[in-house]
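Asker: Sequence:
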Amino acid sequence: MKKIMAVMLSLLACTVLLAGCNTSSESNEEQSLKVYSFSGENEYISVSNGVIILDGKDEICYGGDLKVMSDDFADITTYSTTIYINGSEKETLLSNGVDDQTGGTIDVSGNIGKISGDILRDSDADKLTDNLWFELKTTNLSGEENTYQVQLETTEITKEVKK
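In UniProt numbering, the protein residues as written are 1 to 163.
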């Protein structure tokens, strides 16, 4: 009987010690996960498979894939890509540039890139669905510069999720 009582007290003590391990305190705020996909095109370029992930702590922007739909891009020597929110001021989320120093040309099509960190202001998450833009600036072999812009169609994939 004493052994059973000792085992029961040990189990009770372990239960009390472990009881707090699985509960969340009220000081932990519920974090929300939001995932947005985006794409867009015009007669010159197409952007597809772009994703923005916001989880309350981390922000990630996958730029997706860029495809050119014209022969005008065959002699490009320098280009830059920018994904930005067009609000009261232009806020850049992701920007990349490539410059060929060998005298050759560059293929503009391909992966746009990725960035993570604190890339959005809190108020900007609400602007993603109507104000997200992509810009491609190019320079060709003869030094001619062109700028192409596409408004990106953005869709929120997820709604608020409790962790």
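The set of hints was computed from the structure by calculation and includes no laboratory data. The beta-carbon is built from N, C-alpha and C at its ideal position, and this holds for glycine as well. There may be inaccurate statements among the hints.
Unchecked claim - If you anchor each label on the Cβ, the simulated ranges turn out as follows:
#1 G87 / S142: 15 to 23 Å
#2 V51 / S142: 34 to 42 Å
#3 G104 / T129: 33 to 41 Å
#4 D55 / S142: 43 to 51 Å
#5 S32 / Q101: 42 to 50 Å
Asker: Take the hints in turn and mark each one as holding or not.
Answerer: Quick rundown of the hints versus the structure:
For the hinted restraint 15 to 23 Å between G87 and S142, the CB-CB distance of approximately 36 Å leaves it violated. For V51 and S142, the Cβ-Cβ distance of about 36 Å falls inside the hinted range of 34 to 42 Å, so the restraint holds. One distance hint, 33 to 41 Å for the beta-carbon pair G104 and T129, holds here, with the actual separation near 40 Å. Range check, D55 to S142: about 46 Å between beta-carbon atoms, so the 43 to 51 Å window is met.
Range check, S32 to Q101: about 45 Å between beta-carbon atoms, so the 42 to 50 Å window is met.
Checked against the numbered hints above, the structure breaks only hint 1 and satisfies the rest.
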